[in-house]
Amino acid sequence: MPRTFTLKFLRLVLVVLVVTFITFGLTKLQPGDPVSKIIPFGTAQQKAELRTDLGLDKPFIAQYGKWLGNFVQGDFGKYYDSKQSVNTVIKTSLPVSLELMLYAQFFALLIAIPLGVTTAYRAGSKYDRGANATMFALLALPNFVVALLLAIYVGAKWQLLPTQSNVIPFPLNPLDNWTYMLMPVVALTLGQIAVYMRLLRSDMIATLQEDFITTAKAKGIPTRRILWRHALRPSSLTLLTVAGLNVGALIGGAIVVENVFGVPGLGKRITEAILAKQYPALQSYVAIIAILYVTVNFAIDILYSVLDPRIRNARSVA
Amino acid sequence: MSAASIKESSATTPASEAPLLVVNDLKTYFKTDRGLVRAVDGVSFTLERGRTLGVVGESGSGKTVLSRSIMGLLPKRDVERSGSVKFEGVELVGADTSLMVEYWGDQMAMVFQDPMTSLNPVMRVGKQITEGLRQHLDISKDHANQTALALLSSVGIPEPERRLRQYPHEMSGGMRQRVMIAIAIACGPKLLFADEPTTALDVTVQAQILDLLQTQQRDRYMAMILVTHDLGVVAGRTDEIAVMYAGKVVEKAPTKVLFSNLRHPYTEALLSSIPKISDPSHTRLKTIGGRPPNLINPPSGCKFSPRCAYATDKCRTEEPPLSAPDSDGHQFSCWFPVELSAKQTAGVR
Ligand SMILES: Nc1ncnc2c1ncn2[C@@H]1O[C@H](COP(=O)(O)OP(=O)(O)OP(=O)(O)O)[C@@H](O)[C@H]1O
Ligand code: SF4
Ligand SMILES: [Mg+2]
Numbered sequence: 001m002p003r004t005f006t007l008k009f010l011r012l013v014l015v016v017l018v019v020t021f022i023t024f025g026l027t028k029l030q031p032g033d034p035v036s037k038i039i040p041f042g043t044a045q046q047k048a049e050l051r052t053d054l055g056l057d058k059p060f061i062a063q064y065g066k067w068l069g070n071f072v073q074g075d076f077g078k079y080y081d082s083k084q085s086v087n088t089v090i091k092t093s094l095p096v097s098l099e100l101m102l103y104a105q106f107f108a109l110l111i112a113i114p115l116g117v118t119t120a121y122r123a124g125s126k127y128d129r130g131a132n133a134t135m136f137a138l139l140a141l142p143n144f145v146v147a148l149l150l151a152i153y154v155g156a157k158w159q160l161l162p163t164q165s166n167v168i169p170f171p172l173n174p175l176d177n178w179t180y181m182l183m184p185v186v187a188l189t190l191g192q193i194a195v196y197m198r199l200l201r202s203d204m205i206a207t208l209q210e211d212f213i214t215t216a217k218a219k220g221i222p223t224r225r226i227l228w229r230h231a232l233r234p235s236s237l238t239l240l241t242v243a244g245l246n247v248g249a250l251i252g253g254a255i256v257v258e259n260v261f262g263v264p265g266l267g268k269r270i271t272e273a274i275l276a277k278q279y280p281a282l283q284s285y286v287a288i289i290a291i292l293y294v295t296v297n298f299a300i301d302i303l304y305s306v307l308d309p310r311i312r313n314a315r316s317v318a
Numbered sequence: 001m002s003a004a005s006i007k008e009s010s011a012t013t014p015a016s017e018a019p020l021l022v023v024n025d026l027k028t029y030f031k032t033d034r035g036l037v038r039a040v041d042g043v044s045f046t047l048e049r050g051r052t053l054g055v056v057g058e059s060g061s062g063k064t065v066l067s068r069s070i071m072g073l074l075p076k077r078d079v080e081r082s083g084s085v086k087f088e089g090v091e092l093v094g095a096d097t098s099l100m101v102e103y104w105g106d107q108m109a110m111v112f113q114d115p116m117t118s119l120n121p122v123m124r125v126g127k128q129i130t131e132g133l134r135q136h137l138d139i140s141k142d143h144a145n146q147t148a149l150a151l152l153s154s155v156g157i158p159e160p161e162r163r164l165r166q167y168p169h170e171m172s173g174g175m176r177q178r179v180m181i182a183i184a185i186a187c188g189p190k191l192l193f194a195d196e197p198t199t200a201l202d203v204t205v206q207a208q209i210l211d212l213l214q215t216q217q218r219d220r221y222m223a224m225i226l227v228t229h230d231l232g233v234v235a236g237r238t239d240e241i242a243v244m245y246a247g248k249v250v251e252k253a254p255t256k257v258l259f260s261n262l263r264h265p266y267t268e269a270l271l272s273s274i275p276k277i278s279d280p281s282h283t284r285l286k287t288i289g290g291r292p293p294n295l296i297n298p299p300s301g302c303k304f305s306p307r308c309a310y311a312t313d314k315c316r317t318e319e320p321p322l323s324a325p326d327s328d329g330h331q332f333s334c335w336f337p338v339e340l341s342a343k344q345t346a347g348v349r
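Those protein sequence lines, which keep their order, are chains D and H.
In terms of UniProt numbering, the first sequence has 53 at position 53, counting the first letter as 1, and numbering is strictly consecutive.
In terms of UniProt numbering, the second sequence has 46 at position 46, counting the first letter as 1, and numbering is strictly consecutive.
Don't read these hints as lab results, they were simulated from the structure.
Ideal Cβ positions, reconstructed from N, Cα and C, are used throughout, including at glycine.
Just to be clear, a hint being listed does not mean it is correct.
Unchecked claim - Stretches of chain D that chain H covers, calculated by requiring three or more beta carbons in the stretch to come under 8 angstroms of a beta carbon on chain H:
no., stretch
1, 208-221
2, 230-236
3, 301-311
Put together the whole structure using the sequences plus the hints.
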């Protein structure tokens, strides 16, 4: 186990390096330069001085190296103009995004799992067909459309919930927090429910055909228990894998949803950093997201062997 | 053994007078895209506690469907099941799942063909045994664990404590089938089905498993239905044998009577397809010529007529009924039953 762990960790490091390096390259390819953003009306000389100040005149590799050196020491850089520390921004915005994504993932699974289990058991019934049609419609609905519809109707027209959550300090008192979080979470959750439910349903249908399900039935185990205790676990490996990989989609969705609702999360900060060409800040955000993504999937890898003892065995042999 | 004794002491109602199992004209049809599959087509028999019935027939003759239909373990949809299955006088055809759950595992249980796929791969063996115990008997977790331990030893599993904590994939096929037997007998059922319990196993362990089933059946005074395609398997282990062809019982007799006086040409063909020890090695396995019947559009008349060496025009037009039992309890359905002389030329041991 320790050896596989080291290997996994090395892989994590490699992924983060590659991802940040590519982002760095991409930002450099962007037209325009940060200096003209910071002092649009400065003279050529002022601009040149600023450029030297910020280290922007150094070669590409040197710039990347400097950022990386700081990053691994826990210094995530500063905003060019305000000199605000990226660390403080991350401290306030990352929890907001994490909260949003955790809620979305949690509710998506909370709704998708019972739906997947029951539709699989009653496959072909009216209930199953109805649920499937609904999920299909949800899949076709991009999260930004859901977000905009919610913002326009629930927020602006009917004034049921606040549309601009700029003001959420985190953590707010739970009720206020919820009124701000509800719409962004719903917008982010809907599409995921459909993905998870359909996946679980098809795996459950396959599992319910297995001989060991008949064995359980022949033992006199009630249907509910057969579904939840016998069939769900062996059916959930694909769901788990996709839930992990889906963190990527979730992050993308969070960026969109945070911008629509003005949620002060990392997604919003990233958009701002891109527009303002705040390279070091952007770099650090991307790196943190990459680390998040890889770590989640690392954790899921471990969960596999909890769910399926056969994997556990195969590993200990290897 | 403790499970069985709990069962006995908790049974306060006196044993009813009705026979344990009475199956009458049981039919089980499957609706498929190609048509109605008549998998079981009017099977009747009676089985008492402590007795063993062998059900023999080629692949596809309806043995598995028959046992599952009696037990009520059929797919939910596209199945037509009619006739009668009375267990201690209670009608089970048409019974609700909520009633069947009381019978499954508790009154009747089944050992399946393939132990590699019949155990839940992600649940510890111990749990799979205690789960049924705790479902049917009102006992504590500790008590259930103790019972599971006793059960594992009684089915001949060494180091039962360790085995209880293992997962199925950590065991051999023979071990797993022993576990399946332990699960089946856990609650002390009165009726045990064994559906080709050794087909998936190594030849070396097949006899052991069959012997184990036989001892358990005797010790616990269960009725047993032993399903197999191999007449050799049921020869010394059953009281009665029913030979199935195309969803019907074509011959039925006490085991000794059947082997000494078989009457149906299909039984004869089945028997001559068993390899004999006396055969020189590398003798080609004899199989019954022709294909098993189409269950959707069965041949008219006797269903065995396309493959029968004795078939006449009458056979091809009129279906022979199952005869009433003679003084030996021997029944068969054939217009031109095999005579003693013909049988001897067929080389019966
Ligand atoms: N769910 C089902 N739907 C349609 N046809 C089925 C179904 N289950 C079984 N059958 C058909 O019923 C017939 C009898 O099958 P069954 O499994 O009882 O045979 P068997 O005697 O047990 O054979 P084997 O020795 O191969 O186990 C076969 O033709 C099979 O294709
Ligand atoms: S009835 Fe005719 S075809 Fe059928 S088994 Fe007897 S002899 Fe053969
Ligand atoms: Mg079968």
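Right, here's what the structure says about each hint:
1. Only residues whose C-beta sits within less than 8 angstroms of a C-beta in chain H count toward coverage, and the stretch 208-221 of chain D has 11 of them, enough to reach three; the restraint holds.
2. Look at the stretch 230-236 of chain D against chain H: 3 of its residues bring a Cβ nearer than 8 angstroms to a Cβ of that chain, three or more, so the hint holds.
3. A count of 4 residues in the stretch 301-311 of chain D with a Cβ less than 8 angstroms from any Cβ of chain H is obtained; the coverage claim is therefore met, three being the minimum.
Every hint, counting from the list given before, is met by this structure.
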